[in-house]
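Novice: Following the hints, position chains B, C, D and E against chain A.
Protein chains in written order, with our numbering: chain A, 1 to 103; chain B, 1 to 480; chain C, 1 to 483; chain D, 1 to 646; chain E, 1 to 178.
Some hints could be false.
Keeping only pairs whose Cα atoms sit at most 25 Å apart, straight-line, the calculated DMTMM-like set for lysine to aspartate or glutamate is [what the hints assert, rightly or not]:
#1 D/173 to C/436
#2 D/444 to D/359
#3 A/102 to B/350
#4 D/546 to D/604
#5 E/89 to A/6
#6 A/99 to D/615
#7 D/206 to C/355
#8 D/408 to D/397
#9 A/58 to B/204
#10 B/441 to B/103
#11 B/404 to C/476
#12 C/437 to C/355
#13 E/94 to A/6
#14 B/5 to E/55
#15 E/30 to A/57
#16 B/434 to C/436
#17 B/404 to C/401
#18 B/370 to C/150
#19 A/99 to B/350
#20 C/193 to B/405
#21 B/355 to B/159
#22 B/441 to C/102
#23 B/434 to D/572
#24 D/559 to D/572
#25 D/206 to C/476
#26 B/61 to B/471
Derived by calculation from the structure, the hints in this document are not laboratory data.
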Amino acid sequence: MNIPVEYFLVLSTLLFFIGVFGFIVRKNLIGILMSIELVLNAVNINFVVFNRFLYPDKLEGFIYGLFVIIVAAAETAVAIAIIINVYRNMKNIDVNSIKELKN
Amino acid sequence: MDIIKEFYSGFSIMNQEVSLVLVLVFVLLADLFCGEKGKKYLQLLAIAAFALNVVYGFTLKVDSTYQDSFAGMYVTSDMHILVKNILNVGTLLVFFFAHYWNEHENRSQSGEFYFLMLSTLLGMYLMISSGNFLLFYIGLETASIPMAAMVAFNKKAHESAEAAAKYILTAAFSSGVMLFGISLIYGTYGTLYYNEAANAFLAEPLQIMAMIFFMAGMGFKISLVPFHLWTADTYQGAPTPVTAYLSVMSKGAAVFSFLYILITVFRNYAETWQNILWWIIVVTITVGNLFAIRQKNLKRFLAFSSISQAGYILLGVIAGTPQGMAATVFYIFIYLFTNLAAFGIISNIENQTGKVGMDDYNGLYSTNPKLAVIMMLAMFSLGGIPFFAGFFSKFFIFLAATQKEMYLLVFIALLNTIISLFYYLLVVKAMFIKESTNPIKPIKSDAMSVIGLAICTIGMIVLGFISPIYEYMSSISFGI
Amino acid sequence: MMAIIFCINGEKKNLIRMVMAAGALAMLGTSVYLTLDFLAQREAGATAEFLYCNDPIPWYETLNINYSVGVDGISVAMLLLSTIVVTTGVFASWGLEKLTKEYFLWFLMLSLGVFGFFISIDLFTMFLFYEVALIPMYLLIGLWGTGRKEYSAMKLTLMLMGGSAFLMVGIFGIYYYSSMDGNLTFNILEIAKNHAMPIDKQMIFFPLTFVGFGVLGAMFPFHTWSPDGHASAPTAVSMLHAGVLMKLGGYGCFRIAMYLMPEAADQLAWIFIILTGTSVVYGAFSACVQNDLKYINAYSSVSHCGLVLFALLMMNKTAMTGAILQMVSHGLMTALFFALIGMIYGRTHTRDIREMGGLMKIMPVLGVCYVIAGMASLGLPGLSGFVAEMTVFVGAFEHSDLFHRFFVIAGCTSIVITAVYILRVVGKVLFGPVQDKHHEQLTDACWYEKVAAFGLIIAIAGIGLAPLWLSNMISDGIMNMLK
Amino acid sequence: MDYTILLLAIPFLMFLIIGLLGYKMTPKFSGLLGSAGLAVVTALAYYTAYRYFFTEFGQAADGARETIVMFNYTWLDLSNASRPDLMIQIGMLLDPISVMMLVVITTVSMMVHIYSMGYMHGEEGFQRYYAVLSLFTFAMLGLVVATNIFQMYIFWELVGVSSFLLISFYFTKPSAVRAAKKAFIVTRFADMFFLIGILILSYYTKTFDFLKLTAVDPEAQHATLVFSTMGGKMFMGLSVTSIALLLIFLGGAGKSAMFPFHIWLPDAMEGPTPASALIHAATMVVAGVFLVARLFPVYFFEAPDVLHIIAYIGGFTSLFAAIIACTQTDIKRVLAFSTISQIAYMMVALGVSGFGGHDGLGFTASMWHLFTHAMFKATLFMAAGCIIHAVHSNEMDAMGGLRHYMKKTYYTFGIACFAIAGIFPLSGFFSKDEILVAAFEADKILYFCQTFVAGLTAFYMFRLFFRIFFYNEPKFEHTPHEAPANMWVPLCILSVFTIFSGWFPFSKWISTDLIGYDIHTVWPIAIGSTVVALIGIGTAYVLYYKKNDIPDRIANTCKSFYTWASHRFYIDEVYLFITNKIIFGGICAAIAWFDRHIIDGFMDLLGWTTNTVSEETKEIQSGSVQQYAWVFIMGVITIVTLALYL
Amino acid sequence: MDLLSANNIIFFLLATIILVFGFLSVTTTKILRAATYLFFVLFAIAGLYLFLSYEFLAAVQLSVYAGGIVVLFVFAILLVKNLGEETEKVSFQKKLVGGIASLAGVAVALITAFNYGFIQNETADEAANAVDMQAVGNALMGVEKYQYLLPFEASSILLLACIIGSVVVAQKNKEEKR
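Bound-form chain A, shown alone (with noise of 0.2 Å):
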């Protein structure tokens, strides 16, 4: 075990800001929602590696992960509901259907 926390730092950095970009870019909401799924997935890694790397005694992180894997579910369950819903609206999950408030 003598990778440097530093690469796990950079893999879950890396992630995050893929996550951000495919949010940024996406035209599917579903799409844009995988992209958060891919920040939180990011965020969990430096939870669960800090905790193995620099506090291996008490098990915060690994549990913080696990609730944040909880959270996600019950947040994306609540967000493919509201997609739905905006595709029962719209008739489409594009991105840009959503663009009538403004201003």
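Specialist: Coordinates of chains B, C, D and E only, in the frame set by chain A:
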């Protein structure tokens, strides 16, 4: 048995949460068993049950100024209790205003409405009272995810769906950013408990970056510029009671927990976050005001107004002193009555005529004098005009900010009040001065709205004069 | 002591009017009694700076905000002025038909703010009442005004609020430097006693406060709300606004800015002397070429109010007494002016002086009153304007350096220019042949208008003929302040 | 308390009563009331004069006349720490010149009151007229008895206003309104100098009081101690005293219509003729002379240079006005320019006067001339009033040969003409003679100038006289008739004064140092002036006794000069240009434009900018949730960068 | 450091999978493919957890994410859209601004992170054995410090509310049905 004992002792200071959960369960069960016929009584039951909870909340007091349970996971103090009570009052008022809407347009889902709203309230409680970033995170999500569902409640309307989608996506995104910040906090501080983290002060850039990521997440909840862009769209699309709830309760809870975290966890970085907030406040107030000027839809208008109000609230936060905290909480308290009064009027009129445009309000005074007067009071109070309560809250919040010698900031904020007064007066002008060929017909408000509006009006008029409220806040507030 | 609010639950307009009139007269009576009693107490040797002080009622204890009121000679004078103008204003707006009740309620709120401001000796309550007095203007102008009322109302409100933005920062500064030992206070007397603000801070907060009040006092270049606002406002509101509200500015400059930050006032006076001296001449010149009666008067107010601030900045007893006298005098005569303009406008439906003429023949009472007002404005002895202006000039002449001399003499020229524009109006509107045939059928003043006009004229002439008591009362207050 | 307060109180009460209640009275009653009130005042004034000049009341122990302050109430307190004595007081000061003025004012005013009952008969606003007359009398009396310079200023202003009100009596006539405005503004302009002068004077002397200002210290030949403090102060080459006194004189010059402030007086003739007689001939216009006389010791001791200026301005004005008077055709205007010229005479006399005993001859002569001039000029005006009353025109062309129709007017007018021309033994001869003597002793140039003016005076007065009463008769629309009794009786009374006032021993009563002295007619000068006057009369006789073409030929020979003179040297036009084009069109319009467009425009610009920025930035809120997220993350990155790396 | 040690190889392999598939999942034009790629990413992350010997977490990751969420995604995709029919074209401009933001973010975050000296815990290696279920259970059910009963309870409310909320939102409007 020890565990069970500890378990109970842990919950023993969580009276408000426990009673709220009881109400929650009660509402859930009532909704389950009441059936189609009982729907009529369901709302009354829910409101009554919650009202009891509100009353109960005011009886509480902790022995010492600060207490925690679950080994620091949960913290409380008189101030925490007070903030929760304020949120309770606001929620009750929202219930009053939502009654008519639930009765007529949301009949099938009124039980869910109450349940979801109360669960978000519980989330806010946890946000406020958490002593650990984990509980804080769960509270935050509890306060925002069901909220997204509520924003989508008006399922026939495209706007509602769009608003909900924007809200949930932005919320998820911001919580991602915030979590990234929290993860870095964990990585650098080595702990997620507030009181321990406060001591792990290293003055490292990474810690500051973590703090900024965290602040961005909070900025989303409080809708600070540049994290505010969802606000107007969501406020406009959401059902009006939900908008009211979002604009006051969600914001108030977030501000207080933000303040609490800043003065505990990040207290050693006070200078840094004060500098950051300085700019954020300036931008927030200015952008909120500038964007509000051109709005024609009242809900959207109030959204931008609430953005700039958020900037004003932060003037109390930025000081980080006990006086600042007292001023902040006082501001939230006053803002609650004022903004809810405005939304009460809007929802009242929207429910019965479907009109929310500023032009629709032309000549309102000639047809609905009482509503127009209350709306005017709300606008004046928001604009900080005496004798209305808004003046006092604004004065105190500025006073708190100047305590830290931030005269320039206060001056900019004050110049901005001129702009804000301008658009608040636009509403007054529409109602009183302009004449309309097609004014809103005289409206007979339902009893619940009347009660709600009466409470708000009384609040707006008398709260400034009742100094014990502020005195009490001042006596229980704390700072860096 | 003074706060009387009427809740009127009557639909009948006459009833409302009667109640208003009774209330206003009661206030007038109270203030006259107050004045007499004040003079008597001074005569009897009461030496306290402020009389009738209540025990401060604690309000926000942690911030040391109290509700404390009291009066000295200056505020007694201002109260007297306010009540006179309010009372006559009620009579002047007797004929108002649209939304009478609301009108009078706002009117009362305005006067409440004014009274409260003058009697406060706590900065917080003072500021509170100050803002209370500002906001009813918006609706009063916007709803009952004429012409470009919405624009004017908005402009007026926003500019005045802009002023209060400056002011508020100044007040915070004063508060945080109100005491050496950390017992911060809003009480003006205590602040003045502690005198704890260091000079470099004063240099920051004095201009803020002064400009803040100066906006309300129509100081150049922050005066442009005044012409538009006055032109659009209904009669009684113009009266009260020009007559009393603008005095809040001068009073505030004096009571807060200069009294609490004397060193900075001393050092920075020159800037403001330039500005106010400019407004004196500038307002007068501007008034010369206006064609709207109300604009003429509004610019004349700019000029006269400029003289108030100008005199205050001279910082000696005589000039300051003159400033306060000028406030009283200008308040009365400008109220008279606006009342008369309102009455004339109510009949001719124009305020353009080119469209009127020979009104003296048609409505002699109004004409004579107008001439008297004009004479008061141009400083005719025997009317109040003269008293004030002479006191100001004599006092201002105390400074012997070239800079002050230049501005005092420039100020003196304004009395000639004033004569020019007053006579221009009198000549065009009242004298000469009748311009419009329709005007010949117009009637003269009716009873309530006469009450309003004569009430003010009596006050103007009273002060003009026997100014000594008032001047002594004021200078008594000034002396206390100058200590 | 003394009866003398009634001198001021009665006219003031009359003003209030007639002014406030006049509309309820019949015109006749108000006229009678006013006259009755004034009669009492006149009686009191005569009584005072009697007491002052002929009993011990006015005698000081050393034989000089006493200066008596009858009462002095503080009216306004202008004191401050360094100047504790600055108080405006209202009081009554009796000394020879004020007592003399009391007599002059009440006499002329009384006559005008009576005269007006006939002249103004049937005019609309009769009550108003009497009210203002009372106001004027009050103000003028207050002015002459002022105990301090500020009291004088107060009444000075009141006088100006009543003058304004009387000129604008026919307020529906645009020319009258214009004239009134002009009169008021021009005098007001001059008053501003007066005020500044007062301010300077009071600043250095720390007092307003005449007694303190003029008290003479005979040892040091210095006016008084109050001036010792301001000795060294210089400003722009003159001592501040000189400047102050010059400014005060300018104030007086405005009221007394000295060049260049003379332009208002001819126009002021738009007012009713009796009012002109009272205000613009006899009393108000000499206020300037009175002012200089009142402060004479100060002028003499502290600012002799200013006294020279006064003398030369007087000399120039008298010549200037006399030349113009020769060319005017409106009889009231001729009289107006004559008034200007005569007042300038008085100014010259003051300007050349010395101090003490016979040196103060100019002073005495000036006051004397003031007195006699008041009488004969009032006569002239009232007679002119009768004539206008008869022919309904002011123009000479409408007149001629009137001696057949109006005998009484003819005689009184004639007497007054001889008096003003300075023919022995009428009053004008004596007073004018003393002025010439004083001028001769002091300054030869002025002497010759004034002698020439005396000739011109005789010429234009008799031009007027012949033109009206001889000459060829024009066609009258209806036959002229003699005026009613209440108009000619005052004329006759004033003629009596005109004839005999030259024999009063003025030098016993009025002198610079309050000690009486004797004067003698200096025959060479007297004969010289008489000869000059006779030449003037003769010329007038030749030119105007009968209609002929000599005047036209003379006018044609020096055409340009004549045109200039008959247009009053275009001074009015210059003023008009300055006020209309430069002040109104230039400064005022520019400032008003600046105010509307720059200052107000700036405020509007702020609003406009805010609105525009708001409108223009709406694209930021594009409605795209991805753009929101982009802003969000960029915000975070920016803040991090700013906070950490900048 | 031995570049080719087993640990390193596993780590770099996993990291590569995560990043490559993550990137593919946000750039692919077909939404169902994106879901597949996401599945791979989540799977690889589970592998990472295993690699760090957090078996429990890996299991949760697999069951909740891979088994739950991704399936939910797929259902949703199938529900709202005909399979693979539409392709999405992303404008270059959008990619550019997104790319700039992301790269700037990466740069700032990494520079800051590398300035910080992480102190690896000496005991990390020794503790590198699997976390046993007992410990996890204790942590979740205890009230002591570093025990998380309260968040656990709170999350139950959250889940309940979310279920109700999503049901309410997703179900067809009753009135509409009638």
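Novice: Now tell me, hint by hint, if it's right for this structure.
Specialist: Results of checking the hints against the structure:
Between residue 173 of chain D and residue 436 of chain C the CA atoms are separated by roughly 16 Å; this keeps the pair inside 25 Å, and the hint holds. For the proposed pair residue 444 of chain D and residue 359 of chain D, the alpha carbon gap of about 16 Å is at most 25 Å, so the pair holds. For the proposed pair residue 102 of chain A and residue 350 of chain B, the alpha carbon gap of about 20 Å is at most 25 Å, so the pair holds. Straight-line distance between C-alpha atoms of residue 546 of chain D and residue 604 of chain D comes to about 74 Å, which puts the hinted pair past the 25 Å bound.
A C-alpha spacing of about 36 Å is found between residue 89 of chain E and residue 6 of chain A, which places the hinted pair above 25 Å, so the restraint is violated. Between the alpha carbons of residue 99 of chain A and residue 615 of chain D the distance comes to roughly 19 Å, so the proposed pair stays at or under 25 Å and holds. Annotation: proposed proximity of residue 206 of chain D to residue 355 of chain C is violated, straight-line Cα distance about 50 Å (limit 25 Å). Using a Cα cut-off of 25 Å, the hinted pair residue 408 of chain D and residue 397 of chain D holds, with the two alpha carbons roughly 21 Å apart.
For a cut-off of 25 Å, the pair hint linking residue 58 of chain A to residue 204 of chain B stands: about 23 Å separates their Cα positions. A hinted pair counts as satisfied when its Cα atoms are at most 25 Å apart, and residue 441 of chain B with residue 103 of chain B qualifies at roughly 21 Å. With a C-alpha separation of about 39 Å, the suggested pairing of residue 404 of chain B with residue 476 of chain C is violated against the 25 Å cut-off. Simply put, residue 437 of chain C and residue 355 of chain C have alpha-carbon atoms about 11 Å apart, close enough for the 25 Å limit, and the pair holds.
Between residue 94 of chain E and residue 6 of chain A, the direct Cα distance comes to roughly 31 Å. Violation of the 25 Å bound is thereby established for this hinted pair. At roughly 32 Å between alpha-carbon atoms, residue 5 of chain B and residue 55 of chain E are farther apart than 25 Å, so this suggested pair is violated. Our distance criterion of 25 Å between C-alpha atoms is broken by residue 30 of chain E and residue 57 of chain A, whose separation comes to about 44 Å. A threshold of 25 Å between alpha carbons decides the hint, and for residue 434 of chain B with residue 436 of chain C the separation of about 33 Å lies outside it, so the pair is violated.
With a CA separation close to 42 Å, the supplied pair residue 404 of chain B and residue 401 of chain C exceeds the 25 Å bound. The hinted pair formed by residue 370 of chain B and residue 150 of chain C meets the criterion: a straight-line CA distance of about 23 Å does not exceed 25 Å. A C-alpha spacing of about 23 Å is found between residue 99 of chain A and residue 350 of chain B, which places the hinted pair at or below 25 Å, so the restraint holds. For the proposed pair residue 193 of chain C and residue 405 of chain B, the alpha carbon gap of about 23 Å is at most 25 Å, so the pair holds.
Pair hint residue 355 of chain B plus residue 159 of chain B holds up; C-alpha atoms about 15 Å apart against a cutoff of 25 Å. In summary, the hint linking residue 441 of chain B to residue 102 of chain C is supported, as the alpha carbons are separated by about 21 Å, within the 25 Å threshold. Taking the CA atoms of residue 434 of chain B and residue 572 of chain D, the gap is near 54 Å; set against the 25 Å cutoff, the hint is violated. Annotation: proposed proximity of residue 559 of chain D to residue 572 of chain D holds, straight-line Cα distance about 20 Å (limit 25 Å).
Restraint check: the Cα-Cα separation between residue 206 of chain D and residue 476 of chain C comes to about 21 Å, which is no more than 25 Å; the hinted pair holds. The hinted pair formed by residue 61 of chain B and residue 471 of chain B meets the criterion: a straight-line CA distance of about 16 Å does not exceed 25 Å.
In this structure, the earlier hints numbered 4, 5, 7, 11, 13, 14, 15, 16, 17 and 23 are contradicted, and the remaining ones agree with it.
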